[in-house]
Each structure stands twice: as C-alpha cells, then as structure tokens.
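Enquirer: Taken in order, these protein sequences are the chains called A and B.
Numbering that gives the first Met the number 0 numbers the first residue of the first sequence as 0 and each following residue consecutively.
Numbering that gives the first Met the number 0 numbers the first residue of the second sequence as 0 and each following residue consecutively.
Worth flagging that the hints you see were computed from the coordinates, not collected in a lab.
Computed from a predicted model, the values in this text were never measured in an experiment.
One thing to keep in mind: the hints can contain errors.
Computed beta-carbon distance windows for the label pairs [claimed, not checked]:
{"no.": "1", "chain 1": "B", "residue 1": "Leu333", "chain 2": "A", "residue 2": "Glu121", "range": "27 to 35 Å"}
{"no.": "2", "chain 1": "B", "residue 1": "Trp243", "chain 2": "A", "residue 2": "Gly23", "range": "36 to 44 Å"}
{"no.": "3", "chain 1": "A", "residue 1": "Gly23", "chain 2": "B", "residue 2": "Leu398", "range": "55 to 63 Å"}
{"no.": "4", "chain 1": "B", "residue 1": "Ala26", "chain 2": "A", "residue 2": "Leu183", "range": "44 to 52 Å"}
{"no.": "5", "chain 1": "A", "residue 1": "Leu177", "chain 2": "B", "residue 2": "Pro228", "range": "28 to 36 Å"}
{"no.": "6", "chain 1": "B", "residue 1": "Leu42", "chain 2": "A", "residue 2": "Glu121", "range": "25 to 33 Å"}
{"no.": "7", "chain 1": "B", "residue 1": "Leu233", "chain 2": "A", "residue 2": "Gly23", "range": "21 to 29 Å"}
{"no.": "8", "chain 1": "B", "residue 1": "Leu333", "chain 2": "A", "residue 2": "Asp321", "range": "27 to 35 Å"}
{"no.": "9", "chain 1": "B", "residue 1": "Ala401", "chain 2": "A", "residue 2": "Gln180", "range": "30 to 38 Å"}
{"no.": "10", "chain 1": "B", "residue 1": "Val325", "chain 2": "A", "residue 2": "Gln142", "range": "27 to 35 Å"}
{"no.": "11", "chain 1": "B", "residue 1": "Leu333", "chain 2": "A", "residue 2": "Gln180", "range": "52 to 60 Å"}
{"no.": "12", "chain 1": "B", "residue 1": "Ala252", "chain 2": "A", "residue 2": "Gly23", "range": "38 to 46 Å"}
{"no.": "13", "chain 1": "B", "residue 1": "Val325", "chain 2": "A", "residue 2": "Tyr70", "range": "24 to 32 Å"}
If the Cβ cut is set under 7 Å, some of the chain B residues that face chain A in the computed set are [claimed, not checked]:
{"no.": "14", "residue": "Pro311"}
{"no.": "15", "residue": "Ala312"}
{"no.": "16", "residue": "Arg315"}
{"no.": "17", "residue": "Ala322"}
{"no.": "18", "residue": "Pro323"}
{"no.": "19", "residue": "Ile331"}
{"no.": "20", "residue": "Gln335"}
Beyond 10 Å from chain B on every Cβ pair, some chain A residues (computed) [said to hold, decoys possible]:
{"no.": "21", "residue": "Gly23"}
{"no.": "22", "residue": "Thr52"}
{"no.": "23", "residue": "Asp85"}
{"no.": "24", "residue": "Leu95"}
{"no.": "25", "residue": "Leu188"}
{"no.": "26", "residue": "Val248"}
{"no.": "27", "residue": "Gly320"}
{"no.": "28", "residue": "Arg348"}
{"no.": "29", "residue": "Glu351"}
Note that beta-carbon positions come from the ideal geometry of N, C-alpha and C, so glycine has one too.
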Amino acid sequence: MEAGMVTPAPALVRFSGIQKTYDGEHLVVKNLDLEIRKGEFITLLGPSGSGKTTTLMMLAGFEVPTHGEIYLADRPIKNMPPHKRDIGMVFQNYALFPHLTIAENIAFPLSVRKINKAEAQERVRAALRMIKMDTLAHRRPGQLSGGQQQRVALARALVFNPQLVLMDEPLGALDKRLREQMQLEIKQLHKTMGITVVYVTHDQSEALTMSDRIAVFNDGIVQQVDTPDALYEHPVNSFVAHFIGENNVLAGTVETVEKEYCRVALAGGGAVTARAVNVSGAGASTSLSVRPERISIILDGTSSDGLNRLPAKVQNTIYVGDHALAVLDVAGNGEFIVKLQPDAHDSLRHGESVFITFRPEDCLALDPV
Amino acid sequence: MTAASLTGADAQAEVPLKRRLKRAERARQIKALALVLPLLLFLLFTFAGPIAGMLWRSVDDREVRQVLPQTVAVLANWDGKDLPDEKAYAALASDILAGRASGTVAIAAKRLNYALNGFRTILTSTARNLKAVPEPGTAKETLSKINPAWRERTTWTTIKDASGPMTGFYLLAALDLTRNVDGAIVAASPDQAIYRSVFARTFIISLSVTALCLILGFPVAYLLATLPPGRSNLLMIFVLLPFWTSLLVRTCAWIVLLQSNGVVNDSLHWLGIIDEPLRLIYNRFGVCVAMTHVLLPFMILPLYSSMKAISPAYMRAAASLGAPPVTAFLRIYLPQTLPGIGAGSLLVFILALGYYITPALVGGAADQMISYFIALYTTETANWGLASALGAVLLLVTLLLALVYGKLVHGQQVTGGMKN
C-alpha cells in the first residue's frame with residue numbers, strides 16, 4: 000500500500016488501534032492505525048461521516064479516543080489537554096475572536112505563552128507581513144472578507160511555531176477562485192516553513208492539489224494511504240477509485256485469472272481483459288473501473304491487438320471548454336463518460352453506434368460495488 | 000436585449016436617481032408607519048402622556064395663586080427684604096374672605112404647610128377669626144392681632160415663593176434642599192431631609208440585587224447555552240416558571256419560608272443549627288432574597304442569548320492556541336458575554352429601582368425604597384408635587400444610566416467573525 004515515493008521521514012504522529020464511538024453503539028472510527036511523518040502535508044479525505052474530522056479532533060485533543068493511543072513525537076497524548084499539545088489549528092469557520100483586532104488575534108498564542116512583548120510584537124509583524132495584511136492589523140475580524148479572515152486564522156495557527164498544524168476544511172466557505180488561490184498559498188507556506196500539516200477535506204481535487212500523501216476515509220476505516228498519483232492510478236478498491244477523480248463502472252464476473260490480469264464477462268454483454276487488483280478469483284463478481292481520459296472512441300470495429308473493445312451508443316455530448324465529454328451507453332451503463340478533445344464532440348451524433356477501446360492496464364477489476 | 004434596456008434607462012434618466020429611489024421607498028415607509036401606528040398611539044396616551052403630566056406636576060404650583068390672587072399680585076412687586084406694606088395685608092384679608100366663601104382656603108393652606116410647618120393653622124385661624132373686611136389702613140393690625148405670624152417675614156416669603164405658576168420647591172425637596180428666607184438654596188432641616196438616604200438605599204438595594212442576580216444567573220445561563228437542546232429546554236422552563244405566577248404570590252411565598260416560625264427557621268432549628276429563630280424577613284436580607292428571586296430571569300435571558308451566540312469553536316481555538324481553560328474563559332468567553340452582562344444588569348437594576356410591592360411586604364421600615372414614598376405621597380397624603388418630583392429624579396437617574404450603558408455597548412462593537 001505504501002508507495003514509498005516520498006523518502007520516509009520519522010513519524011511525528013502515530014495513531015495506534017484508535018477507536019471512537021459517541022453513542023456506545025456505532026464506531027465512528029474503527030481501528031485506525033496511521034503514521035504522520037515529520038514535515039509532510041497529509042490530507043484526511045472522505046465523505047461526511049467517514050470519521051476524518053473525528054480523527055482530527057482526537058489529534059487536537061477535543062475528543063478522547065474510546066480505545067487505542069495517539070503518540071505525538073513518541074509521547075502518548077491521549078489524556079493530554081489540548082492547550083498543552085502545541086498543535087496549531089485552523090478551523091472551518093476560522094474562529095477568529097470577534098472582540099479582538101487582527102493583531103491581537105495573532106498575538107493571542109504568544110501572550111498566553113508569556114513571550115515578552117517586544118518579541119511577540121516582532122513575530123506578529125512578521126506574521127502579518129507573511130499574509131500581506133500589515134495595513135489591516137487594527138481591524139476586527141468582522142470587517143474582513145472571508146479570504147482575509149482565513150489568512151489571519153492561518154497566521155494565528157503558525158505564529159507560535161507549533162510542531163504540527165491541523166486544518167479542518169479551512170477553505171470550505173470560500174468561493175472557487177479564492178479557494179484555488181488559497182490552496183496554492185497554503186502549499187507555499189508548507190514548503191517554505193517546513194511544517195507538518197494534517198488537512199481535512201471532502202474535496203478530492205483539493206486533496207490531490209495540495210497533499211504529499213492522502214488518507215482516504217470511508218465508514219470509519221482508512222481505505223488507502225498513498226501519494227496523490229498512486230491513489231489515482233492504483234486505487235485498492237472501488238471506493239477509492241470512485242472517490243478520487245472521474246470514473247466509469249462496469250459490473251461483471253471474473254472468468255479466468257492469469258497472473259496480474261483477468262478476463263471479465265460484463266453483465267451487459269461482452270468481455271474485457273482487466274488488471275486483477277481486488278478480485279478473489281474465477282467466478283467472483285467484480286466492478287471494473289476505467290478513467291474517462293483513458294478511453295478512445297472509434298467509428299469502425301477494427302482495433303489494434305490487445306486493446307479492449309466494446310460497442311457503445313452515443314447518448315449526449317457536453318462541451319466544457321478545455322475538453323469535451325461524450326456520454327455513452329456501454330454494456331448497460333447509460334452514463335459511461337469518455338473525455339475528448341474539445342473539437343471532437345461535433346463529429347458524434349446522438350444515437351450513433353460507435354466503439355470504445357482502452358488498454359487492459361487502464362481497466363481495474365475491483366471489489367463489487 | 001442589451002440595447003433595449005439601455006433605451007429604457009435613457010428614458011428614465013430625466014427623473015433624478017435620488018427622487019426615483021425616494022418614490023420607490025415611500026410606499027414601504029408608509030406601510031411601516033401604518034404598522035407601528037397603533038402601538039405609537041397607545042404609548043402616546045398611556046405612557047408618554049402620563050410621564051409628561053408627572054414631570055409637569057413636579058414643577059406646577061398654582062394652588063396659592065388661585066386662592067389668593069390679589070395677594071400674589073401685590074407680592075409680585077415686593078422685594079422681600081422687610082415686611083410687605085399695608086396693601087398686601089388688605090389684599091390678603093380680601094382673598095381670605097373670598098376663599099372662605101368659596102371654601103378654597105384649605106387648598107392654599109395645605110400647599111403653604113408643605114413649605115412652612117404650621118402654616119395651615121395660621122391661615123385657617125385667620126380665616127376663622129376674620130369677621131369682615133378691615134377698615135382701610137387697619138388690615139395689618141387686624142391680621143397681626145388674629146395671628147402674630149403675620150408679623151414674621153418668613154410667613155410672607157413663603158406665600159411669595161408659593162405664588163407660582165411654576166416652582167422648584169418640590170424638586171429641591173426631593174433632593175433634601177430648600178430655600179431659606181432670603182431665597183438661597185440650602186440644606187433642608189434634618190427632620191425633613193430623608194430623600195437622599197432613601198435614594199441611596201434604593202441604589203444600594205438595587206445594586207446588591209443586580210450583583211446577586213449576576214452571580215447566580217451567569218452559571219445557569221452558561222449551562223442553558225451549552226446543554227443539548229432537550230435538556231436546556233427543560234431547564235429553561237424552570238427559569239421561566241416564576242413568570243407564570245403572580246408577583247404577589249411569589250413574595251408571599253417568601254414570607255411563608257422566611258418568617259420566624261417559617262420553613263427555613265423550623266428546618267434549621269430541627270437540625271439543631273440554631274436555637275433562636277433567625278431574623279430573615281422584614282429586613283434587608285429578606286428584601287434582597289425576594290427581589291433576586293423575582294428578577295433572576297431578567298438577568299438569565301439576556302446572558303443566555305449572548306452566550307448562545309458564542310460559537311464553541313472560540314473556546315476550542317483558544318485551547319488549541321495554548322490557553323488553559325481559565326485563561327480561555329477570561330480572555331475569550333467572558334468579553335464576548337459583556338453585552339449580555341450589561342443588558343441583564345441594566346434591566347435588573349432599573350426594574351429593581353422601581354420595586355414597590357416586594358420591599359413593602361418583606362422589608363422593614365428601613366428597607367422601603369423610593370417607590371414606597373412616591374406611592375405614599377400619591378395615595379395617602381395627596382402631595383402630588385413631591386411624588387412627581389421624586390419620580391422625576393428617579394426617571395432622570397435611570398435615563399442617565401441607560402445612556403451610559405448605551406455608550407458602553409456602542410463603544411464595544413462586537414461583530415461575530417463566525418457569521419461571515
């Protein structure tokens with residue numbers, strides 16, 4: 000599972016057999032084992048209710064694990080109160096103190112640590128420069144835009160040089176353009192300051208853009224921890240394949256397995272060769288996953304050897320700008336999407352019969368949905 | 000489509016934008032006015048009117064003027080240094096005779112008696128003994144013979160001071176001040192100077208009750224704001240329960256609890272903690288306990304609403320930034336509840352200032368607040384002028400407090416960053 004693409008650094012945080020339940024009946028986090036390396040940007044990604052925020056709250060100290068232990072720099076911290084953990088946190092709604100000015104907000108962690116006034120002032124000034132808001136030091140949070148508030152929250156979480164910074168969907172309230180800009184700024188800060196960041200989001204594109212590694216959560220279980228490209232190219236199961244990026248699904252049954260590849264008979268007719276990633280053996284039902292950009296549309300039935308080839312019917316074409324999408328009906332799946340060059344969509348007519356081809360290595364046989 | 004909307008704008012451009020805006024707003028304003036109109040009229044007749052009337056009564060002074068018109072007219076030219084001349088005596092004699100005929104002498108006597116103790120006797124004895132209009136030139140002698148007080152300068156300055164139509168007499172009296180025979184403002188005689196200490200007592204009791212309400216109400220409001228909705232609703236019902244019973248019943252319940260052989264004393268005695276019953280009622284303690292009980296919801300509700308608006312994320316943020324719980328509470332939570340503390344305290348304090356029934360029922364003679372005296376002068380002695388003056392002073396102080404509070408709250412502009 001570990002891709003090993005990042006040079007392994009010593010673990011800063013270790014979750015060991017963590018379980019969490021709120022009502023004593025359902026486990027929100029089921030047996031979590033996860034290592035966070037020093038200096039990395041790791042994202043906890045998952046749908047709402049998957050346990051990612053609970054995990055973050057346990058790390059911050061606002062929730063206590065029902066079972067297991069968390070180690071921070073090899074020290075167990077399960078029963079350490081949050082204010083002693085030396086962890087900076089950026090909250091979903093910024094949580095800037097409304098009765099304090101921007102400068103006072105940023106100075107707060109320094110003043111509770113009783114750092115002398117002159118040094119604190121210097122550090123606040125440096126932090127304000129870092130977020131390019133020197134001129135707004137004496138405003139109150141209510142007078143700032145969402146993006147500005149977010150920057151202040153960042154500065155406040157970083158100004159006391161914590162060993163770890165947690166971010167709980169910090170960009171969720173911003174509009175798309177600002178969000179993308181802030182993603183780059185946070186990434187830049189991470190690089191220049193060399194801090195360790197644990198980031199929680201449900202937005203997979205945000206996770207792919209920013210992270211060194213991503214832990215995909217679902218149903219209280221970490222499905223896969225890997226680099227963004229490994230997650231995209233080599234998902235270990237159907238959930239990860241669906242959650243990361245666009246994905247086409249075809250249901251089928253495994254006929255034969257040969258080394259890394261298997262032959263799958265599709266439920267809607269036809270058969271393809273796929274990489275056997277997560278199938279138990281011949282006779283098992285499976286769910287095939289093919290990325291839209293790995294598929295070609297051809298008009299005649301001929302194809303070069305070794306490629307999978309399936310008949311399809313054009314349902315619709317969508318022009319997106321930098322690319323176009325063709326919605327096809329393939330083997331009973333009426334929402335099969337193929338990514339095209341932007342000018343290619345004109346040549347396809349509604350109801351036209353075509354063929355699609357894709358390489359066996361781009362087709363993953365995963366656990367059935 | 001763009002072109003069409005452009006021509007539309009051109010056609011309208013002749014009417015200035017401001018006028019068009021005004022026209023568009025007018026309908027809305029009229030509607031708003033119509034909605035508040037019933038309440039506005041109601042308040043005008045039941046609130047603003049009576050208050051204006053009360054303020055007017057505290058300076059209104061026409062009784063003497065109506066009963067002794069000629070005397071007042073003559074005294075207008077008197078410098079007040081020596082006794083007035085014969086003309087004034089003649090005018091007084093004629094006024095008294097006319098007053099006796101119409102039965103109005105007592106009205107003037109009552110008003111003049113406020114200013115000079117014993118004036119009632121002077122005037123009524125004169126009215127009784129004055130047989131007829133004195134011969135020209137003998138009025139002074141005749142009146143002085145009936146009552147030697149007519150030879151005192153004070154008697155005459157009192158009439159002159161009370162000749163109206165407006166007076167500062169009642170307002171001065173409400174502040175334990177009076178005018179001496181030369182018209183200078185001086186402290187009232189000790190046996191009449193009671194109102195300053197009554198005002199001080201009123202403020203001390205109100206402040207104590209406010210402080211007690213804050214100390215007892217703050218934790219309850221915090222609990223209300225942090226409990227899950229189901230349980231906080233139940234608790235809220237308990238907080239509001241006192242509103243459902245009458246003030247009189249609640250106060251009488253305290254009499255039952257606190258009296259010498261009441262529930263509290265009996266229990267303490269039974270437990271062997273005390274031998275003699277404690278004096279818990281008809282003193283300051285009883286007043287503060289009963290008033291705190293009655294006013295507590297007025298503190299809890301504003302506190303609750305200000306606390307409800309504080310996101311729990313603030314305390315979490317403070318903790319994550321390294322603040323221990325007490326620091327986080329003092330530096331982050333408490334400052335954000337200040338508007339609630341201010342509103343609750345002002346509400347309780349102002350309500351307490353005007354309390355009447357509770358101190359009257361559970362307080363002793365030394366615990367009666369200003370409202371008791373206002374009620375006394377309105378209903379018992381019918382000294383409307385003094386009652387109004389006491390009310391006016393109370394109103395002024397309350398307004399000042401409200402103004403100070405407004406300034407404080409305005410200066411502390413709190414806008415939630417969480418709301419954006």
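Enquirer: Give a verdict on every hint.
Expert: Now for the hints, and whether the structure bears them out:
1. The supplied range of 27 to 35 Å is met by Leu333(B) and Glu121(A), whose beta-carbon atoms lie about 29 Å from each other.
2. For Trp243(B) paired with Gly23(A), a C-beta distance near 38 Å keeps the hint of 36 to 44 Å intact.
3. The hinted range of 55 to 63 Å is satisfied by Gly23(A) and Leu398(B), whose Cβ atoms lie roughly 57 Å apart.
4. For Ala26(B) and Leu183(A), the hinted distance range of 44 to 52 Å is satisfied, since their beta carbons lie about 50 Å from each other.
5. About 34 Å separates the C-beta atoms of Leu177(A) and Pro228(B), a value consistent with the hinted range of 28 to 36 Å.
6. In this structure, Leu42(B) and Glu121(A) break the distance hint of 25 to 33 Å, their C-beta atoms being roughly 58 Å apart.
7. Our hint of 21 to 29 Å for Leu233(B) and Gly23(A) holds, since their Cβ atoms are close to 23 Å apart.
8. Separated by about 54 Å at the C-beta atoms, Leu333(B) and Asp321(A) break the suggested range of 27 to 35 Å.
9. For Ala401(B) paired with Gln180(A), a C-beta distance near 48 Å fails the hint of 30 to 38 Å.
10. Between Val325(B) and Gln142(A) the beta carbon distance is about 30 Å. The supplied range of 27 to 35 Å therefore holds.
11. Taken as a hint, the range 52 to 60 Å is violated for the pair Leu333(B) and Gln180(A), whose Cβ atoms sit roughly 37 Å apart.
12. Restraint check, Ala252(B) to Gly23(A): a C-beta distance of roughly 43 Å satisfies the suggested window 38 to 46 Å.
13. At roughly 28 Å, the beta carbons of Val325(B) and Tyr70(A) sit within the given window of 24 to 32 Å.
14. Because the smallest distance between the Cβ of Pro311(B) and any Cβ of chain A comes to about 9 Å, over 7 Å, the interface hint for this residue is violated.
15. Here the hint on Ala312(B) is kept, as its CB sits about 4 Å from the closest CB of chain A, short of 7 Å.
16. With 7 Å as the threshold, the beta carbon of Arg315(B) comes within range of chain A, its nearest partner Cβ sitting at about 6 Å, so the hint holds.
17. With a least beta-carbon distance of about 4 Å to chain A, the hint placing Ala322(B) at the interface is held under the 7 Å criterion.
18. With its C-beta approaching chain A no nearer than about 5 Å, Pro323(B) sits inside the 7 Å limit, and its interface hint holds.
19. The interface hint given for Ile331(B) holds, since its Cβ lies 6 Å from the closest Cβ of chain A, which is under the 7 Å cut-off.
20. Residue-level restraint check for Gln335(B) holds (minimum Cβ-Cβ distance to chain A is 6 Å; threshold 7 Å).
21. Remark: the non-interface label on Gly23(A) is consistent with the geometry, its nearest Cβ contact in chain B lying 16 Å away (cut-off 10 Å).
22. The claim that Thr52(A) lies off the interface holds: its Cβ sits roughly 12 Å from the closest Cβ of chain B, which is beyond the 10 Å cut-off.
23. Asp85(A), annotated as away from the interface, has a beta carbon of chain B within 10 Å; the closest lies near 7 Å.
24. For Leu95(A), the condition that its CB be more than 10 Å from all CB atoms of chain B is violated, with the nearest at approximately 4 Å.
25. No Cβ of chain B approaches the Cβ of Leu188(A) within 10 Å, the least distance being about 18 Å, so the stated non-interface status holds.
26. Every beta carbon of chain B lies more than 10 Å from that of Val248(A), the smallest distance being close to 39 Å; the non-interface claim holds.
27. No Cβ of chain B approaches the Cβ of Gly320(A) within 10 Å, the least distance being about 24 Å, so the stated non-interface status holds.
28. Distance check for Arg348(A) against chain B: the nearest CB is about 32 Å away, which clears 10 Å, and the non-interface claim stands.
29. At the 10 Å boundary, the C-beta of Glu351(A) stays outside the reach of chain B, the nearest C-beta of that chain being 36 Å off.
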